[in-house]
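Work from the hints to combine the two standalone chains into their complex.
Residues per chain are reported as follows:
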Amino acid sequence: MIKKVETIGGQELREMLTAATAWLEKNASDIDALNVFPVPDGDTGTNMLLTMRSCIEEAYRAPDESASAVIKAIADGALMGARGNSGVILSQIWYGIARGLEGKKSFTGGDLANALLEAASTAYKGISNPVEGTILTVIRESAAAAKEQVANGSDDMISVMEATVNAANESVANTPSLLPVLRDAGVVDAGGQGLYTILEGAFRYLRGEAEQMQFRKPQLIVSNMPLTGRSPQMLAADEIPFGYCTEFLLKGKSIDTGKLITKLEKKGQSLIVVGDNNTVRVHVHTLNPGNIINIVTRLGTMHQVSIRNMDEQRQDFLELQKERMPKIDMAIIAVVSGDGLNDVFSSLGATAIVPGGQTMNPSTKDLLQSVESVSSDSIIILPNNKNIVLTAEQVLSLSSKRVKVVSTKTIPQGVAALLAFDYEADFETNTNIMEKAKATVKTIEITRAVRSTKLGDLEINKKQAIGLLDGELLAAGSTPIDVISKMFAGLDLNKAELVTIYYGNDTESTEAEKVSATIREQYPQLQIEIVRGGQPHYDYIISIE
Amino acid sequence: MTVKIITDSLSDITSDIAKDLGITIVPVYVRFGEKVYRDRIEITTDEFYYRLTHDSTWPTTTQPTPYDFAEIYKKIAKESDEMLVITLSNKLSGTYESAVHAKTLVETKCRIEVIDSLTVVMGLGLIVIAAAKAAQSGASLDELIQLVNGAMPRSHAVMCFDTLKYLAKGGRIGKAQGLLGSLLSVNPILTMKNGEVSPLTRVRSRAAGMKYLYDFVTGFPNIEELAVEHATTPDEADDLIGRLSKVFPRERIYRSTVSPVIGTYTGPNVLSVSVLEAI
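Each protein sequence line maps, in turn, to chains A and B.
If you're matching positions, the first sequence starts at 1 in our numbering and goes up one per residue.
If you're matching positions, the second sequence starts at 1 in our numbering and goes up one per residue.
Worth double-checking, as some hints may not be accurate.
Stated by the list, open to error - In silico lysine to aspartate or glutamate, EDC-like type, Cα no more than 20 angstroms apart, as pairs:
#1 B:K169 <-> A:E435
#2 B:K175 <-> A:D30
#3 B:K165 <-> A:E211
#4 B:K193 <-> A:E424
#5 A:K436 <-> B:E113
#6 B:K169 <-> A:E209
#7 B:K175 <-> A:D426
#8 B:K133 <-> B:E113
#9 A:K486 <-> A:D457
#10 B:K211 <-> A:D457
#11 A:K266 <-> A:D256
#12 B:K75 <-> B:E113
#13 B:K211 <-> A:E435
Since the hints were derived computationally from the structure, they do not count as laboratory data.
Isolated chain B (complex conformation) (with noise of 0.2 angstroms):
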């Protein structure tokens, strides 16, 4: 039987993708004053970034309830007796918690493992589709296990931010802090280290950022999987994504958006792209 693989929405993974790899993702939840919206369901990207940007509400996000996996745990334990819970990085957010709290509010004899991928975005989906694909292909559970925890320290997702202010607010700066404050317009550009938003360097304009990003996936000698992502600027990711179809096969590149969640703290106009290196 098939191992289930079930991951967040902040792994930016597309429906599209969910489904043609049988990927079930559960909504993390963004909130604008009173009201709370599930991650890319209630709220598109588009109306997300626009009230971002125009709201005087400033919006919070919160991570599913263990109530939320528990739910999922019960209605895939009918269909399959495994499965894999890969988690955004739990210095980021509580969804690890819920999603290892779920298993106790749950009577299955399903196997249920929960993996912290130390990682989010297209960086943590990346590392998902590879799950996924495997088990497609009939991996066990521990196969599986094995296969994550090889290709965590493979993934690297880099993101090339217009501001701060929005990372800051939402106190999710990690070891970035030191960029804070700059007297320059700069474009930061981090990195996740070890579950942390890490500082990589700065550029001063968003074309030297694109060439960073260009740049940095390929400085690497073999991809195995490549996702270039946006949040506001559609021709940015199609452009970068142009260039790199010279190293790597274009209709190889997953092109996703930065889900609302994740917006909440890199504001518009963050561009991504995550590299999972082959062995």
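So here's chain A without its partners, still in its complex pose (with noise of 0.2 angstroms):
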């Protein structure tokens, strides 16, 4: 049964914020990982981390345990403890939360839908120069999923959570599409994958699952395009000099934010103002922290301050990913359909995929252009496709980059080359290698006739199930399933130790799941595996090794 959640009082908001920020925690240097906008410091997971604990410590001195006080405190907290960039975002966030909450016990989806608009407003209001592509995107879009749910009369606090959760994920790996920094570095933005780490944190506590959160580790989400791995060298390409990190909090009477916020602007880069007119949070990018601190100094008194030189930052983060990057000098590009399979090659290290398949064989031009956007200089191209190894072939008089095909002509054959990459082993080295792996599979390819034929003793009728080994039409028959057990009945399965059975676009996870109990019948000593690979025209690609 699905767990029903009407409403939320302070107790276990702050109990869900606590969990959260656990969560938080165990992802949080992953998160810094990731970090390369806008100036390269590495610290977002960090940063987003201490400013959640700030909110925590602030959630249990809140006055009394009301919704509104428990989010008041917290919004507080992530003021006064607010640290860098996302952390001057995030307590924008608690901060329009909170007042969307004001005068709340408790609240319901439908609050929680109105708050995270709110929340969504404010964070834009806060920054001089808001960027998309970043956790502004993400808190904007995930509030109007929250909404959307309420609107089609889904008040339920669960329900409400998830559609927030999923729609924070899609659109944290929906960043680099948005921001080109982050889509020539690889990866997803720091800052939106914090907050969705948060959000899923809140909503796994609150669909019950606080023991199992204990042992387990959030995941980074993986952006939608393809990737051309990371270069230290080309994220530095787009970045000016910044000068100094400047942030404090500054504490005074009737302090005016809009005024403040246009004499700031002039004085530096990345300026977030956050507060209300007694405690404002500074954060600004500026060559001359002098000019900033005489203008507030006037204001009011200066509190926690932080200057930063950021040159020497990015010098110590570009030294950090050196460090962390394995050296991928090399760059493998798989032609892949169907999105079950792109996830199995990307999951499995292809640097970049070309969509194409049997029906869909991509262009010469297609690949040349995958080659020369990937940052390697040495590149193996699997076709996984016999009409595609020649124009894969042509690549290499074109391009000036060391290209070498090795000649897969199926899925699995494509799959068994990658895994068997040696990362310490050179470019020829590893393309031998990779030959040698495709060799070490046989695949089966079930497929629909597409006109009636006799083929030796096989007679095919339109439209019936058919079965290639290793490209050649095997058997035909009614079903998928009888087509494959005939051909399994005809292999010697005497060195054959695995079976990976990749269902198509249009086949049901059901019916995979009858094939696959049809072949353990008839061979135990077998170990099966079903994967989705969504490709189209193949009800099934399987592999056996």
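If you want it as structure tokens, here you go:
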């Protein structure tokens, strides 16, 4: 049964965010590694974590147990403890949520959606020059999804949070397509990822997963764009020196934040001003921190002052990145179609994917473009289809880069070749290893006959299921299961250990389960894995190794 | 006087070999919740892997304290005037730091040298064994230091994992990060490079993993020392030793188990070979 949560009070809000902070803590250093924007200071995760800790500390000092008192305390905590760009924007978000929940003893999913909208608008207002593809986009799109869920008549807290978290996930994955610096770096936005992790942590807690959360770790969202590998030199190219990252808390009486923004805007970049008229948190990148200090000391007293040299920070960051990055001087480009297979190849380390396959052969130009776009100079292409091998080989003479085609003719051959990649071996050795590896698998492909025909003893009717073994048409039958059984019967399975079934876009997972069960029954010694390939035309692509 | 050789329990040297070659082993700690165990002494390998896979508490590990090393230095200083400490990679554990720090805690005329081996398991074990054999035949401390420095680049440890989840969880994933998140079930094969865990490749079954380990060993034209280790699969270790006995005398292959502290990061079912190349 799906758990329902109608409303949330102050105490539960506190516990939920404590859990979310613990969840973020597990992810903080991974998020640090993502950081490339706006300056590569490499500490977004840590900054957001420290900001959240300050929130939680204050949350326990709330004057009463009402949701509004607790969230107000959290927002104050965020303001006092905000660190870094992302921390300050995060504090804006809490500030907006607090405003949205003002006066509420407890709140519903509907209230939450409204508060998130308020948070998004507050976050945008706090920044003099909002940029899309950042945490701002993530809060805006998540809030919109929450509102939509409520508009569709679902006011339950769990369902609203679920919609919010899912939207945040998609939004984060999409950040590289909005922000070129992320795309070039091959990462998603760190601040956005941090916000997602917090929302996800809160949601998991709400769903009653507090126990499991202790043993799990949040995952980084993977960009929905083909990545081009990470190169620190490339990251740095777009960056101009920012001088000093200057942060402080300004306390005074009736501070006019609007006026303050106007004054400071001329003195630096990446300005963020957050707070009310008594306490304001300022973050700015400036070449002359003295100017800033002169302006603000007239308005009040400065606290928690931090001035850091960003050029130094950048150097440290680049060093850090160099250390963290495995030296990838080889890129692998795979030709694949089907979202599931895309994910399989990406997860196994393909640097770029060129869409294509049966009946959709990519052009030489498509492949050449991909070869030119990856940051590496040595490239291995996996065509994964017999009709694409030749096209791929054309690239060799067209590119000035060192290109080699490992002539994989099926998807399983491509997977085998990709897996065999040896991180210690050089280019030449690797292409040899990969060539060898592709020979270790057998491929069965199940598709439908496009016309009736007779092939040797084989009578084939149009639309009938047919099976190919390594490209050779061997069997036909009324159903895919039928054909697969026939083909397995004809194989020498003495040395086989592992069968991987990639089922296609038009195939139900339940049917794939049946295929697996049938094989398992006949050949109990085989290990079987089912993966959604999502490929067109082929009901099944089966690898036997 | 014979130079005394000291190492930590992550060298996976069995107590029999340690006794034969006069090696002192300092246990690293593994902790389940509140309870701390000395590696292999207060918790057996079998007991550990059972708890690793059945307990709800996740184990953590702790380096030996400088005090632990100091106590051993004091004891050995009574029997010898020179000792050599060889520890696992400093990038995986603070054991090296403890061993170095301990020197300041002991007042002795005995000369103590500490070397970071940059490796672990029998990759470390084989270096230590080579040093201990040389010490027994009378090598001086300076000769031993030279020997160890020369052996380090010739020592290769390769492990076939069932999963990287333990390594990732324990924060020791190093350069093998890129092997995480695979959508197919794979057996990652890792090695030690520059003191860090580094990826070699991936295979799709244990049998393929064993073949990789076999091919890895037989790829060396001259082998000085060879070790095979397992965590929870003794039959596989025996099988591999059987196959390797065609290229290296069976009685000279060290058979050991992956210690609980290392098991915290490898998980059960890990299989490992270590080769010390001959010069």
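Hint check:
1. B:K169 <-> A:E435: violated (34 angstroms)
2. B:K175 <-> A:D30: Holds - the C-alpha atoms of D30 (chain A) and K175 (chain B) are around 14 angstroms apart, at most 20 angstroms.
3. B:K165 <-> A:E211: holds (18 angstroms)
4. B:K193 <-> A:E424: Status holds; Cα separation ~10 angstroms.
5. A:K436 <-> B:E113: violated (47 angstroms)
6. B:K169 <-> A:E209: Holds, at about 19 angstroms.
7. B:K175 <-> A:D426: This hinted pair holds, its Cα atoms lying about 17 angstroms apart.
8. B:K133 <-> B:E113: holds (18 angstroms)
9. A:K486 <-> A:D457: holds (15 angstroms)
10. B:K211 <-> A:D457: It is violated: about 40 angstroms lies between the C-alpha atoms, which goes past 20 angstroms.
11. A:K266 <-> A:D256: holds (17 angstroms)
12. B:K75 <-> B:E113: Given that 20 angstroms is the threshold and the Cα spacing comes to 16 angstroms, the pair holds.
13. B:K211 <-> A:E435: It holds: about 18 angstroms lies between the C-alpha atoms, which stays within 20 angstroms.
Checked against the numbered hints given earlier, the structure breaks hints 1, 5, 10 and satisfies all the rest.
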